[in-house]
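Novice: Residue strings, one per chain:
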Amino acid sequence: MPNKSLAGKVAVAGVGTTRYGRLPEYDPYDLGIWALKEALADCGLKIADIDGVILNRIPDYQRFCELAGLNPSYTTITPGHGRFSGICIQTAVALIATGMAKTVALVYGNNGRSAGDQYGGATDIYGSGGPGLWFPYGMTSPGAFHALMAKRHMEQYGTTSDQLGQVAMAFRRHAALNPQAVMRDPFTLADYHASRFVCEPLHLLDYCLINDGGVAMILTNAKRAKNLAKPPVYIRGFGQTAKFTGSTFPPDDYWAAPMKKVARSAYGMAGAKPADMDALMIYDNFTPTVMFCLEGFGFCKTGESGPFVENGRLQLGGEFPTNTSGGHLSESYMQGWALNVEAVRQVRGECGARQVKDANLVQYMTAAPVITSMIYGKEAK
Amino acid sequence: MSDVYAKPLPPIDGLNAPFWAGARAGKLMLQRCLDCAQYRFPASRYCPSCLGERSEWQATSGQGMVVSYCGFHKAYWPSFAGDVPYDVVQVRLKEGVQLFSNLVDVPRERIKIGMKVRAHFDAVTDAVTLVRFKP
Ligand SMILES: [Zn+2]
Numbered sequence: 018m019p020n021k022s023l024a025g026k027v028a029v030a031g032v033g034t035t036r037y038g039r040l041p042e043y044d045p046y047d048l049g050i051w052a053l054k055e056a057l058a059d060c061g062l063k064i065a066d067i068d069g070v071i072l073n074r075i076p077d078y079q080r081f082c083e084l085a086g087l088n089p090s091y092t093t094i095t096p097g098h099g100r101f102s103g104i105c106i107q108t109a110v111a112l113i114a115t116g117m118a119k120t121v122a123l124v125y126g127n128n129g130r131s132a133g134d135q136y137g138g139a140t141d142i143y144g145s146g147g148p149g150l151w152f153p154y155g156m157t158s159p160g161a162f163h164a165l166m167a168k169r170h171m172e173q174y175g176t177t178s179d180q181l182g183q184v185a186m187a188f189r190r191h192a193a194l195n196p197q198a199v200m201r202d203p204f205t206l207a208d209y210h211a212s213r214f215v216c217e218p219l220h221l222l223d224y225c226l227i228n229d230g231g232v233a234m235i236l237t238n239a240k241r242a243k244n245l246a247k248p249p250v251y252i253r254g255f256g257q258t259a260k261f262t263g264s265t266f267p268p269d270d271y272w273a274a275p276m277k278k279v280a281r282s283a284y285g286m287a288g289a290k291p292a293d294m295d296a297l298m299i300y301d302n303f304t305p306t307v308m309f310c311l312e313g314f315g316f317c318k319t320g321e322s323g324p325f326v327e328n329g330r331l332q333l334g335g336e337f338p339t340n341t342s343g344g345h346l347s348e349s350y351m352q353g354w355a356l357n358v359e360a361v362r363q364v365r366g367e368c369g370a371r372q373v374k375d376a377n378l379v380q381y382m383t384a385a386p387v388i389t390s391m392i393y394g395k396e397a398k
Numbered sequence: 181m182s183d184v185y186a187k188p189l190p191p192i193d194g195l196n197a198p199f200w201a202g203a204r205a206g207k208l209m210l211q212r213c214l215d216c217a218q219y220r221f222p223a224s225r226y227c228p229s230c231l232g233e234r235s236e237w238q239a240t241s242g243q244g245m246v247v248s249y250c251g252f253h254k255a256y257w258p259s260f261a262g263d264v265p266y267d268v269v270q271v272r273l274k275e276g277v278q279l280f281s282n283l284v285d286v287p288r289e290r291i292k293i294g295m296k297v298r299a300h301f302d303a304v305t306d307a308v309t310l311v312r313f314k315p
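Residue numbers (my numbering), protein chains in the order written: chain F, 18 to 398; chain C, 181 to 315.
Isolated chain C (complex conformation) (with noise of 0.2 Å):
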């Protein structure tokens, strides 16, 4: 195992910066609209439901649900060649938004469709931690 963090990396500046950060304090955090209160993610200037310009970011419950997942075979990236089979979970969080990630701690064959799972907090490297998942 390398000491060097060889996978990509999300851009952690920009609009989403508070996503990051938040993960990266153990929150889930999400921008919500402040005239429609829809939550959404990634982030926007201008809110998708109602085109509103004023949102805040809130720490919301981290709980969700397993829409689907599918199962790689293919390493995209050299990186990902050690991993394969990895597993790529669709979530549904209990704000609406969805996010794609993966499960931790489950066996790929214990994967199901409707599994409530919870946020899992991952520091992949000093500066970024992953929201990845947990039953």
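This is chain F alone, in the form it adopts within the complex (with noise of 0.2 Å):
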């Protein structure tokens, strides 16, 4: 449901990043502290003008905390699956509209790729319904998961493999254009199908990455953003729902229904539609996610999105610039993160080469069990 008396209320006053890559000195503590340093100095605030912490992978917020010198007045700590960065951005929007906190620093930290992380095999327990349930007939990761659901959809309205390239593609190319990305060489469609499938439909180049890396954001009331370094970008819309029930097995609707209703809100709240939209961040966790979430937020009608994806749409220059840092296929895996980290800057107009001209509304989605969106803009309202 839309709370309109929401929209614009509260604002991202600073955003911070770290490298992205293989940064093996790092432990997660370590890449959160690095991240929350570069957003406090990216909207001037100090550590003692933080009285709210919500953690996201960090392994545990006490020894976060006391390594970063932080006495909030209020503290969570979310498990380090991609569809909480929506969750907790929400949470300090309520959190300071509440007046429960004023200014609220989201610090996420990841060494996957240092740590040796694996989507798949015995410890996976993505959708498992269980310890080790499927694993004997050789079902495991979250990539077959949506290998599954890639080919329903195929089969289901004739969307090809060359579609699903042209996403990976695009993001390629936004990379390409984005120093800090970790894959930055364009590549073609004979290449895309060159790449090995790791789960068929889905070849290697349809992944998103491993890596390592932090962000960090620090929200606060739209009066105070104001009086900042950096211009306030306002949250002008959200929505959240959960599709959890059955969710063993990939949803028969590729999370179309819940989609509609978070649409709802995010819109409803904006007071705008999907094509307001100057940019799209999805998350992309593998291509079909980005179809998804096309589909059921509204760009495209049901099971069009294969060839609304052709013809560059998702490209710089294109209808809906989409993933312009190169998204989790290319800049880095950073779990919704840095996408909306990425809506921030080209709200901002910070993102040099890959800079989307007006960029006034940039809307971050993700299609997962837990969907959410978030709008953000350059006005108030």
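Hints in this document: simulated from the structure, not taken from any laboratory.
Just so you know, not all the hints are guaranteed correct.
To be verified - Heads up, simulated DSS-like pairs for lysine-lysine below, C-alpha to C-alpha not over 27 Å straight-line:
1. C/Lys296 / C/Lys207
2. C/Lys274 / F/Lys260
3. F/Lys318 / C/Lys292
4. F/Lys63 / F/Lys119
5. F/Lys277 / F/Lys26
6. F/Lys318 / F/Lys260
Stated by the list, open to error - Derived contacts from chain F toward chain C, CB cut-off under 10 Å, selection only:
7. Trp151
8. Phe152
9. Phe162
10. Met166
11. Phe214
12. Val215
13. Thr265
14. Asp269
What the hints assert, rightly or not - Output of the computed footprint for chain C on chain F, the stretches with three or more beta carbons under 8 Å from beta carbons of chain C:
15. 136 to 142
16. 153 to 161
It should be emphasised that the depicted structure is a prediction, and the values quoted were computed from it without experimental measurement.
Every residue gets a Cβ at the ideal spot worked out from N, C-alpha and C, and that includes glycine.
Since each chain sits alone in its own frame, please combine them into the complex, following the hints.
Specialist: Now the structure itself:
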């Protein structure tokens, strides 16, 4: 349900990111502190100004706050699942809007690359329904879960591998313009097809990266944000809903029904519609989720995301420049956090060679058992 | 071919024990809520549909339909290295419950979404029979 009274009341004041890639000398605490220092410098605030802390993927809140010199009035910590970036940002809005905290730091640290994280195999619990239940059949990994959805979408609507490849290619072209991106070499459709299958129909280039890095965001009320170093980026709208029931298996509707609910909330709050978005940041754990979001949020009709992504529509200069940083596929696997930061930087006009002209409204969205969306704006309303 | 079965085996004790005991006896057993009559798997103490605690295990038709499938080219366990590429199917049983499994006696290129399939009981070790499917 859209809550219009919250639209534009909270703003992003500061954002910070580390280098991305392989950073074995940094643990998740270090990566979080590095990003937090960048975010504080970005808005000109000090550690003592932070009175709310929301941590994601960092192992322990007490140790983190001890290391960072934080004694906040509100503290919480969340598991390292990508869907939590949107959840955490919305929690920060609620804390600030209710006055429970004035200035909230959201901090994420991920050393997955150096820690040797595997998304599949003996330690996999993604949609598992219980430890090891499906392993005897060789079923494992979030990639396979999305491969099942992609295969069904292909048979149901005629979506093609070429179209998935178009998504991956667009994001790589964007990454080529982003000095911070881990993978910057553009590739052709032939290269895409030549990349090995991991889980058919998905190729290696349909999969997100695994790398180290940290991200931090600092949110405060709109009034205070106006007096800080950078212009405020207002949170104009958001929405969230879950589809946990039956979620051991891929949903029949590719999460379209819950996404429609989230879309109503986010667009209702922002007083905007899909066509008003100047850029999109879509949680790209795998290319098919980009397609599912475009359908579920109403950018195209059900089943038509395949043709929709052709002809450079998602590229810079296209109708809906998407994941202008390169996203999880090519910039960095920061589980939604870096996409939210990219949205903020686009609205501020800080993106250099990859800047979208007049980016006034930028939307973040995710397709998963928790669907979230955020709409960021240059103006408060 | 080695005598030792090296692939992962399911935990056959605990709440799902009747499912695995049924498979050994050639039956597809599912837990059914005695309050709302919904079938469910994996097993749980409370029914996810009505939170009822009363349930029993019933033999089911073993009939279902392929909802989707995917082809593993990466072996996440060394014991699967000789099988790649192999396919995993998502099957919806007539009773509404879904399972991940494999098809037997179907060449890869013949797998189709919407295929009608029936349970096939595959005794992989003395203790464990897996539930696979056949057209
Ligand atoms: Zn029930």
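Novice: Confirm or reject each hint.
Specialist: A quick look at each hint next to the structure:
1. Distance check on the hinted pair: C/Lys296 and C/Lys207 sit about 18 Å apart at the alpha-carbon level, within 27 Å; holds.
2. Note on C/Lys274 and F/Lys260: the hinted pairing holds, with a Cα-Cα distance of about 23 Å set against a maximum of 27 Å.
3. Among the hinted pairs, F/Lys318 with C/Lys292 is consistent with the structure: their alpha-carbon atoms are about 25 Å apart, no more than 27 Å.
4. Restraint check for F/Lys63 and F/Lys119: the C-alpha separation of about 13 Å stays at or below 27 Å, so the hint holds.
5. Proposed proximity of F/Lys277 and F/Lys26 is supported: the alpha carbons are some 24 Å apart, at most 27 Å.
6. Under the criterion of a C-alpha separation no larger than 27 Å, the hint pairing F/Lys318 with F/Lys260 is consistent with the structure, at around 21 Å.
7. Interface restraint check for F/Trp151: the shortest CB-CB distance to chain C comes to about 4 Å, inside 10 Å, so the restraint holds.
8. The closest approach between the C-beta of F/Phe152 and any C-beta of chain C is roughly 4 Å, which is under the 10 Å cut-off, so the hint is satisfied.
9. Because the smallest distance between the Cβ of F/Phe162 and any Cβ of chain C comes to about 9 Å, under 10 Å, the interface hint for this residue holds.
10. Restraint check, F/Met166 versus chain C: the minimum CB separation of about 7 Å is within 10 Å; hint holds.
11. The beta carbon of F/Phe214 comes within 4 Å of a beta carbon in chain C, closer than 10 Å, and the hint placing it at the interface holds.
12. Contact between F/Val215 and chain C, as hinted, is supported at the beta carbon level, the nearest pair being about 5 Å apart and thus within 10 Å.
13. Because the closest C-beta pair between F/Thr265 and chain C is about 8 Å apart, less than 10 Å, the hint holds.
14. With a least beta-carbon distance of about 8 Å to chain C, the hint placing F/Asp269 at the interface is held under the 10 Å criterion.
15. Using a Cβ-Cβ cut-off of 8 Å, 4 residues of the region 136 to 142 of chain F lie near chain C, which meets the minimum of three, so the contact claim holds.
16. Counting residues of the region 153 to 161 of chain F whose CB lies closer than 8 Å to any CB of chain C gives 7, so the stated coverage by that chain holds, three being the minimum.
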